[in-house]
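Participant: Here's the letter readout for the chains.
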Amino acid sequence: MNSARNISTTLGLGNSKFGLICLSSFIIFLLLLPLFSSDYLLYVVMRIAILCLLSYSLNLLLGYTGLLSFGQAGFYACGAYACGKILLGGASLLPGIFIAMVVGGIVAIILGYFCVRHTAIYFAMLTLAFGMMIFSLAEKWIKFTGGDDGLVGIPRANLSFFHIFSVEMNKVPAYYYFVIIISLVAIYLLYRIIHSPLGLIFQGIRDSEKRIAFIGISVKKSRLACFTIAGIYASLAGALFAPLEQTVTPTVAHWVTSMDPIIATLLGGMYSFTGPVVGSVIYFLVKDIIVRITMSWMLILGIIIVILVLAFRGGIMGFLHLWLFHRWK
Amino acid sequence: MSNFIFQALNGISSAMFLWLIAAGLTVAFGVCGILNVAHGSLYMVGAYFAFTFFQMLGINFWLSIILALIGVGIIGFLMERFFFRRIYNQPIEFQLILTFAFILIFDNLTKIVWGTMLIIPNMPHFFQGAVSVVGRPFPIYNLFIIFAGIAVGVFLWAILNKTWWGKKLKAAASDRDMANAIGINIPILFTMAFIFAALLAALGGALSTPIRVCDSGVGGAVIIPAFVVTVIGGLGSLRGAFVGALIIGVVSSICTLYLPFIELFVLYLIMAVVLIIRPQGIFGEKR
Numbered sequence: 001m002n003s004a005r006n007i008s009t010t011l012g013l014g015n016s017k018f019g020l021i022c023l024s025s026f027i028i029f030l031l032l033l034p035l036f037s038s039d040y041l042l043y044v045v046m047r048i049a050i051l052c053l054l055s056y057s058l059n060l061l062l063g064y065t066g067l068l069s070f071g072q073a074g075f076y077a078c079g080a081y082a083c084g085k086i087l088l089g090g091a092s093l094l095p096g097i098f099i100a101m102v103v104g105g106i107v108a109i110i111l112g113y114f115c116v117r118h119t120a121i122y123f124a125m126l127t128l129a130f131g132m133m134i135f136s137l138a139e140k141w142i143k144f145t146g147g148d149d150g151l152v153g154i155p156r157a158n159l160s161f162f163h164i165f166s167v168e169m170n171k172v173p174a175y176y177y178f179v180i181i182i183s184l185v186a187i188y189l190l191y192r193i194i195h196s197p198l199g200l201i202f203q204g205i206r207d208s209e210k211r212i213a214f215i216g217i218s219v220k221k222s223r224l225a226c227f228t229i230a231g232i233y234a235s236l237a238g239a240l241f242a243p244l245e246q247t248v249t250p251t252v253a254h255w256v257t258s259m260d261p262i263i264a265t266l267l268g269g270m271y272s273f274t275g276p277v278v279g280s281v282i283y284f285l286v287k288d289i290i291v292r293i294t295m296s297w298m299l300i301l302g303i304i305i306v307i308l309v310l311a312f313r314g315g316i317m318g319f320l321h322l323w324l325f326h327r328w329k
Numbered sequence: 330m331s332n333f334i335f336q337a338l339n340g341i342s343s344a345m346f347l348w349l350i351a352a353g354l355t356v357a358f359g360v361c362g363i364l365n366v367a368h369g370s371l372y373m374v375g376a377y378f379a380f381t382f383f384q385m386l387g388i389n390f391w392l393s394i395i396l397a398l399i400g401v402g403i404i405g406f407l408m409e410r411f412f413f414r415r416i417y418n419q420p421i422e423f424q425l426i427l428t429f430a431f432i433l434i435f436d437n438l439t440k441i442v443w444g445t446m447l448i449i450p451n452m453p454h455f456f457q458g459a460v461s462v463v464g465r466p467f468p469i470y471n472l473f474i475i476f477a478g479i480a481v482g483v484f485l486w487a488i489l490n491k492t493w494w495g496k497k498l499k500a501a502a503s504d505r506d507m508a509n510a511i512g513i514n515i516p517i518l519f520t521m522a523f524i525f526a527a528l529l530a531a532l533g534g535a536l537s538t539p540i541r542v543c544d545s546g547v548g549g550a551v552i553i554p555a556f557v558v559t560v561i562g563g564l565g566s567l568r569g570a571f572v573g574a575l576i577i578g579v580v581s582s583i584c585t586l587y588l589p590f591i592e593l594f595v596l597y598l599i600m601a602v603v604l605i606i607r608p609q610g611i612f613g614e615k616r
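Residue numbers (my numbering), protein chains in the order written: chain F, 1 to 329; chain C, 330 to 616.
Careful, some of the hints might be misleading.
Stated by the list, open to error - Cβ-Cβ distance ranges computed for the label pairs, FRET-style:
id: 1; chain 1: F; residue 1: LEU285; chain 2: C; residue 2: ILE449; range: 48 to 56 angstroms
id: 2; chain 1: F; residue 1: LEU32; chain 2: C; residue 2: LEU588; range: 35 to 43 angstroms
id: 3; chain 1: C; residue 1: TRP486; chain 2: F; residue 2: ILE303; range: 18 to 26 angstroms
id: 4; chain 1: C; residue 1: THR445; chain 2: F; residue 2: ILE303; range: 15 to 23 angstroms
id: 5; chain 1: C; residue 1: ILE611; chain 2: F; residue 2: LYS143; range: 29 to 37 angstroms
id: 6; chain 1: C; residue 1: GLN457; chain 2: F; residue 2: LEU41; range: 55 to 63 angstroms
id: 7; chain 1: C; residue 1: LYS496; chain 2: F; residue 2: ILE307; range: 49 to 57 angstroms
id: 8; chain 1: C; residue 1: PRO453; chain 2: F; residue 2: VAL44; range: 32 to 40 angstroms
id: 9; chain 1: F; residue 1: ILE27; chain 2: C; residue 2: ILE611; range: 49 to 57 angstroms
id: 10; chain 1: F; residue 1: LEU41; chain 2: C; residue 2: ALA510; range: 57 to 65 angstroms
id: 11; chain 1: F; residue 1: GLU209; chain 2: C; residue 2: ILE449; range: 49 to 57 angstroms
id: 12; chain 1: F; residue 1: ILE307; chain 2: C; residue 2: PHE484; range: 36 to 44 angstroms
id: 13; chain 1: C; residue 1: LYS496; chain 2: F; residue 2: ILE293; range: 49 to 57 angstroms
Hints listed in this document are in silico derivations from the structure and should not be mistaken for laboratory results.
Virtual Cβ for every residue (Gly too), placed ideally from N, Cα, C.
With the hints as constraints, model all of the structure from the sequences given.
Facilitator: In structure tokens, the structure reads:
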């Protein structure tokens, strides 16, 4: 495990010329995509981007701070319901997403206050409990959430700014640009957070909690900061999801939804910054493809996950790094 | 008041299923150190097997339960021997997604074998009928379940405390390396412990067939309440699993009577409060 971690952290986003070229061509590809692709492909890319944000939110806790959250779907649902509610109330897109992030952040601070006292399995179980509490609220608080039917008919409101400009978001390519640009900016910000002193503290806590405490840094406060940032990212993912699907149902808060980012992150490799992107792309595409070709998609997906867990423990990126490392030496 | 007593009794009988699932979960966690999310799927497979033998093949009720146990025991052996054994020392996130993959696999396999329709099995004729409790009919079968659950509890206590094998299990649970050093064959013991855990789940599933439905989503649905129970009682503690199951069974049953809307919320709230105040659970030891 340790060797995979050491090698994987070396190649992040764009700290080599090769990485920079890959990154910029990837971004150009994403921006040019609407010119020659169908709406469905754009929809798939948006779903992947949203899963990607959720995976980053999970991986900030798991890969960088060493805490496994089993309830990240709870914050995802907070974002989705908050954004859905606000857009249904007739607001424009930016305030909807901003308020959803604030709501997610506040919920994360409150729940995080209790969660960060624990580590390992107790942390996982406590986040599971809170996540399922949010699920049961979404399912049973019918007046506010619409119960099993969820929020229906959420408008893809216009992107407007104080009557200065207003862009229609009803067309898929317009919303695509919005989602992709927000996601790229958010991922870049996360990259900066991880490579800031705060990010180093997170990684220090993962590697040795005691040493961080000895330096005089509050482990709990740093963990709470990490939990809150993760909550904000998860609710951003939810906030982008609500106008895309135009409905939000309680399943977004269910623990099975929490499994998606965990699987995506571990597939991609949790000790590499690009891991969640690679994992989300592969996980979503594999799921999408096997759902089309066979009824037994769960069986095939299960077998693929089993093979990946048993054979590629460092994830795909970890495996690539190991492979490249041995090749070039 | 009679409402309350009657509903509490119902709660106790549904608690017994939770207890059987949670007991297996806690044995697998306490001895092998694996958090098996697919444990609920073993319960489901046990139920489908018992249904198949009893109803489709017309075998005697008791014999079909035993056959179901044997079937699930073999599945448990294969799972442990070829897959789970490799991740005992892995971080919890790997255990989580590997065992989750088995939920997907089991759900799909049951869909292929038994179809997607809900199956409502019959009650064996000698269990049909009811006894009068606080002036109301209480099904004989539910009464039988309560006794069966208690009997399993006594049986487990006897195995763990009065047999050589139980002592080995306890030794391996408290210190794996030391147990290995004094000559206990850990891999075989772990395989047996996992099979034992699978059998408990399968027994719960097989006993549930006369009063519950067989559905391919059951595996994922029963596992979270089982987590709640094990966490409340203490991960790795059998006594805790029993008490936790009783608490959850009775509380959720009473909540459905008086406050049906917040039943689920209350369960997770209890779980969260226990984790915050006493993370090791009521009977657990700090790890």
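Participant: Evaluate each hint against the coordinates.
Facilitator: Hints, verified against the model:
The hinted window of 48 to 56 angstroms between LEU285 (chain F) and ILE449 (chain C) is violated, with their beta carbons roughly 39 angstroms apart. The hinted window of 35 to 43 angstroms between LEU32 (chain F) and LEU588 (chain C) is violated, with their beta carbons roughly 55 angstroms apart. In this structure the supplied range 18 to 26 angstroms is violated for TRP486 (chain C) paired with ILE303 (chain F), their Cβ-Cβ distance being about 39 angstroms. Against the hinted window of 15 to 23 angstroms, the Cβ-Cβ separation of THR445 (chain C) and ILE303 (chain F) comes to about 20 angstroms, which satisfies the hint.
Between ILE611 (chain C) and LYS143 (chain F) the Cβ separation comes to about 35 angstroms, which falls inside the hinted range of 29 to 37 angstroms. Distance hint for GLN457 (chain C) and LEU41 (chain F): a CB-CB separation of about 58 angstroms, consistent with the stated range 55 to 63 angstroms. Distance hint for LYS496 (chain C) and ILE307 (chain F): a CB-CB separation of about 38 angstroms, inconsistent with the stated range 49 to 57 angstroms. Between PRO453 (chain C) and VAL44 (chain F) the CB atoms are about 51 angstroms apart, so this pair departs from the stated range of 32 to 40 angstroms.
Evaluation of the 49 to 57 angstroms hint for ILE27 (chain F) and ILE611 (chain C) yields a pass: the beta carbon distance comes to about 53 angstroms. Hint check: LEU41 (chain F) to ALA510 (chain C), Cβ distance near 59 angstroms, so the stated range 57 to 65 angstroms holds. A beta carbon spacing of about 52 angstroms between GLU209 (chain F) and ILE449 (chain C) agrees with the range 49 to 57 angstroms that was offered as a hint. Checking the proposed 36 to 44 angstroms range against ILE307 (chain F) and PHE484 (chain C) shows it holds: the Cβ atoms sit about 38 angstroms from each other.
A hinted range of 49 to 57 angstroms for the beta carbons of LYS496 (chain C) and ILE293 (chain F) is consistent with their spacing of about 52 angstroms.
In terms of the numbered hints stated before, the structure departs from hints 1, 2, 3, 7 and 8, listed from lowest to highest.
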